[in-house]
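Student: From just these sequences and the hints, can you work out the full model?
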Amino acid sequence: MAAPKTPITLPDYQQERIGSQIAEGEKIKSARPHALTDAIFNYCPGCTHGIVNRLVAECIDELGIEGKTVGIAPVGCSVMCYDFFNCDMIEAAHGRAPAVATGVKRVHPDNVVFAYQGDGDLASIGTAETVHAATRGEKITVIFINNAIYGMTGGQMAPTSLPNQVTQTSPYGRDVSKVGYPVRIAELLSTLDGVAYVERVTCDSRAHILQAKKAIKKAFQNQIDGVGYSLVEVVATCPTNWGMTPQDAFQWLRDNMLPYYPLGVYKDVTADGFANAAEAALERAKDCPIAQQGRGE
Amino acid sequence: MAENARVLMKGNEVLAEAAMRAGCRFFFGYPITPQTELAAYMAKKLPLIGGTFLQAESEIAAINMVYGAAAAGARVMTSSSSPGVSLKGEGVSYMAGADVPGVIVNVERGGPGLGGIQPSQSDYFQATRALGHGDFYMPVLAPSTVQEMADLIYLAFDLADQYRTPAMILADGMIGQMMEPVELPPERDASALPEKPWATTGTKMQREHNVVNSLYLSPEKLEDTNRERFARYAEIRETQQRQELMMCDDAEIVVVAFGAASRIARTAVRDARAKGIKAGLLRPITLWPYPTKAIDQVIENGAKQFLSVELNMGQMVEDVRLAANGRADVSFYGRTGGVLPTPEEVLEQIEKLAAGEAPNASARATVMGSVLPQPIDRKSSYERGE
Ligand SMILES: Cc1ncc(C[n+]2csc(CCOP(=O)(O)OP(=O)(O)O)c2C)c(N)n1
Ligand code: SF4
Ligand SMILES: [Mg+2]
Chain B
1 MAAPKTPITL PDYQQERIGS QIAEGEKIKS ARPHALTDAI FNYCPGCTHG
51 IVNRLVAECI DELGIEGKTV GIAPVGCSVM CYDFFNCDMI EAAHGRAPAV
101 ATGVKRVHPD NVVFAYQGDG DLASIGTAET VHAATRGEKI TVIFINNAIY
151 GMTGGQMAPT SLPNQVTQTS PYGRDVSKVG YPVRIAELLS TLDGVAYVER
201 VTCDSRAHIL QAKKAIKKAF QNQIDGVGYS LVEVVATCPT NWGMTPQDAF
251 QWLRDNMLPY YPLGVYKDVT ADGFANAAEA ALERAKDCPI AQQGRGE
Chain L
298 MAENARVLMK GNEVLAEAAM RAGCRFFFGY PITPQTELAA YMAKKLPLIG
348 GTFLQAESEI AAINMVYGAA AAGARVMTSS SSPGVSLKGE GVSYMAGADV
398 PGVIVNVERG GPGLGGIQPS QSDYFQATRA LGHGDFYMPV LAPSTVQEMA
448 DLIYLAFDLA DQYRTPAMIL ADGMIGQMME PVELPPERDA SALPEKPWAT
498 TGTKMQREHN VVNSLYLSPE KLEDTNRERF ARYAEIRETQ QRQELMMCDD
548 AEIVVVAFGA ASRIARTAVR DARAKGIKAG LLRPITLWPY PTKAIDQVIE
598 NGAKQFLSVE LNMGQMVEDV RLAANGRADV SFYGRTGGVL PTPEEVLEQI
648 EKLAAGEAPN ASARATVMGS VLPQPIDRKS SYERGE
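If you're matching them up, the sequences are chains B and L in order.
Residues in the first sequence are numbered from 1 upward in steps of one, following this note's numbering.
Residues in the second sequence are numbered from 298 upward in steps of one, following this note's numbering.
No lab work stands behind these hints: they were computed from the structure.
Remember, predicted model here, so these are calculated numbers, not experimental data.
Just so you know, nobody snuck in bad clues.
Straight-line C-alpha distance at most 25 angstroms; calculated DSS-like pairs for lysine-lysine: (1) Lys-68/B <-> Lys-493/L; (2) Lys-649/L <-> Lys-575/L; (3) Lys-518/L <-> Lys-493/L; (4) Lys-217/B <-> Lys-501/L; (5) Lys-649/L <-> Lys-572/L; (6) Lys-214/B <-> Lys-68/B; (7) Lys-68/B <-> Lys-501/L; (8) Lys-342/L <-> Lys-307/L; (9) Lys-307/L <-> Lys-341/L.
Residues from chain B shown here face chain L by an in silico Cβ test under 7 angstroms; the list is partial: (10) Asp-88; (11) Met-89; (12) Glu-91; (13) Val-107; (14) His-108; (15) His-132.
Glycine included, each C-beta is placed from N, C-alpha and C at the ideal position.
Tutor: Spelled out as C-alpha cells, the structure:
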C-alpha cells in the first residue's frame with residue numbers, strides 16, 4: 001500500500017524507531033502508517049480487522065490528526081486495538097464505546113474521537129448507546145465491523161448473522177421464526193436526524209478497500225468539519241469462526257452478505273446540500289413549528 | 298452566591314452546587330427519585346458556567362460517559378438512586394480497573410427491586426463491597442446533614458483525583474430532600490486542580506500514546522495492577538478514616554449509625570444519658586474505609602456493647618462486628634422499606650442492652666445468625682387461605 005501522501009513530521013522517538021530499521025541509502029517503499037504502533041496485530045490470518053485497522057491509521061495519517069485523536073476500543077476481537085493505534089486510546093466495556101466517546105468529545109470538542117466496534121458490541125449489547133449517540137448527533141466517527149458473528153467468544157450468533165447461518169448458538173441455522181431477523185445498522189441509523197453520514201463498504205477487493213478508505217476518511221473529515229455523527233459499516237469476514245479459508249470467506253461474503261447488506265451511501269447530508277446534520281434535521285421538520293423555533297437566527 | 302454566607306438549601310441542590318464549586322463541569326445522569334433536584338440544578342446551572350449537563354439514555358450510558366470524560370481528564374460526576382446505581386455497577390468497575398477518578402452520588406431509596414421512594418440505607422453492602430465485579434473498593438462518604446452534603450462531595454472529588462479512583466456519596470432520600478442552612482465551600486481555582494498526565498487528551502505528537510484500560514490478559518500483570526491498587530487502598534485505610542464521636546469518652550454502650558439513622562440515634566443517645574445510661578454515638582463518615590480506629594478507641598475507652606442502628610435489615614453491623622473482632626458484643630436495630638425508627642424505639646434498645654437483656658428478638662436473630670431455620674411451609678399463601 002502507498003506511503004502516506006501528506007508528509008508528516010515525526011517526533012524523535014518515532015524517527016529513532018524507523019531510522020534503526022532502514023539501512024543507509026535504502027528507500028521506504030511501504031511505510032507502516034505512523035498512526036499504528038510497532039505492536040503486531042493479534043488477528044487471525046486473513047481477518048479483515050487487520051485491513052480496517054490499517055485503513056483507519058492511514059486516514060489518521062493523511063488527515064494529520066494523530067496528535068488530537070482519541071480512539072475507543074470495543075470488546076471483541078479488536079479489543080486490543082488500544083495497543084495498535086498510536087493515538088490516545090480508551091478501552092470501553094462491551095457495547096459502551098459510543099457513551100465513552102460522548103464523554104471524551106464533550107470534554108474536548110476539538111479532539112477527534114472515534115469508536116471502533118464489532119457487530120455484537122455495536123448492534124446487540126450496545127444498541128441503546130449506538131442509537132442514542134447517533135440521534136444526539138454526537139460529533140464522533142464510528143467504524144463498525146459487521147462480520148455476522150461473535151468472533152472473540154468463538155463464533156456465536158450475532159445480531160447480524162444471516163437467516164439460516166450456522167453458528168455455535170444457532171447450530172441448526174438461524175431460525176428467523178424463533179430468533180428474528182438480522183439488524184441492518186446502516187439503514188436503521190440513516191433514519192435518525194442526528195446522523196450526518198452512513199455508508200456501507202466492504203474490503204474483499206482492492207477497489208472495495210479503496211472505497212472503504214474513502215468512506216472512513218470522509219467520516220473523519222465530517223467530524224473535523226463539525227458536520228455530525230458519521231458511521232462506516234464494513235461488511236467483514238471471520239474466516240476462523242465461519243470455518244473457511246480467507247478466500248472462501250470472501251466468496252461467502254459476496255454470495256450471501258452483500259445481497260443482505262447492500263453496499264452504498266445511506267445518508268450523506270453534505271451530498272444533499274446541507275452544511276450539517278442539524279440543518280438537514282430542521283428541513284425535515286419544516287412543518288413542525290416548535291422544531292423551527294430559533295431557525296435562521 | 299456570596300461565599301461564607303449561610304444559606305438555606307435543599308440537600309440535593311447543595312450536592313450539585315458544591316460539586317460545581319469543587320470544579321466539576323460535567324454531569325451525566327438519568328432521571329430518578331429522590332435525586333431529581335440534583336440533576337435539575339445541574340441542568341440549570343452548568344451551561345451558565347461553561348459546563349455540560351447531559352441527560353443520558355440510561356444509567357449505563359451515563360456512567361460510561363463519566364468514564365470517558367474522566368479518562369479525558371475532567372472533573373465529572375453522575376447521580377442516581379438505588380435502582381439506577383445498580384446499572385452503574387459495570388461502569389464503576391471499569392473506572393476502578395482503569396484507575397479513572399469520578400464521583401457517583403447515590404441518594405438511596407428502599408429496595409430490593411423497584412422498592413420504594415422513601416429514605417433507606419439498604420445499599421450499604423453494594424456501596425462498600427460490591428458495586429460491580431472484581432477486586433476493588435472505592436471511598437464512600439456518608440453525609441448526615443445538608444452541610445456535610447457540601448463538605449463531603451467537595452472532599453470526594455479530591456480523594457478521587459488523589460487516589461485515581463471512583464468515589465461515592467452515599468446519601469439518602471431524607472438528607473437529599475431536607476432543607477438546612479449551609480455554608481458553601483469556596484470556588485476551586487481550576488488551575489490548581491491536580492494534573493492528569495495519564496489522561497487521553499491527544500498526544501499532540503509530543504509523547505507516547507496514553508491508554509486508559511482495565512484489560513490485562515497476563516495473570517501476573519493483572520495481579521500486579523491489583524496489588525498496586527491495593528497498596529493505594531492501604532494508604533486510604535490508613536489516612537482517610539473519618540467519623541464523629543459523641544459522648545464516647547466513657548461510653549459503655551456505643552450506638553453506631555451513619556447518615557439519616559445517625560440523626561435519630563443522636564437523640565436516643567442523649568435521652569439515654571439523661572436516664573443515666575453511659576451511652577455514646579459513633580458516626581462513621583467514611584463507610585469505606587470503615588473507621589476501625591475509632592472502634593478500637595471506644596473499646597479502649599471501655600465500650601462493652603455496640604448497637605448498630607441502620608435503615609435496613611442489618612448491613613453495616615457486619616463491619617462493626619469485624620472491627621470489634623470479639624472484643625465487645627454487637628447487636629443491631631433497624632427499620633427498612635423507607636420506615637424510619639423513632640428515637641424512642643432506639644432508646645428502648647439501648648435500655649434493654651443496659652439492663653443486660655437481649656435487644657429486640659428479630660434484630661438479634663440477624664446478628665447472631667443462631668436462630669433455627671423455620672420449617673418451610675410448602676403450601677402457597679393461596680392454599681393457606683392468606
Ligand atoms: C458484558 C459482557 N458480556 C459478554 C462479554 C463476552 N464477549 C466478549 S467479545 C463478545 C462478542 C464480540 O463480538 P463482536 O462485537 O461481533 O466482535 P468480533 O469479535 O466479532 O469482532 C462477547 C459476547 C463481555 N466481555 N462483556
Ligand atoms: S476470530 Fe474472526 S474476527 Fe476474530 S480475529 Fe479471528 S478471524 Fe478475525
Ligand atoms: Mg462480530
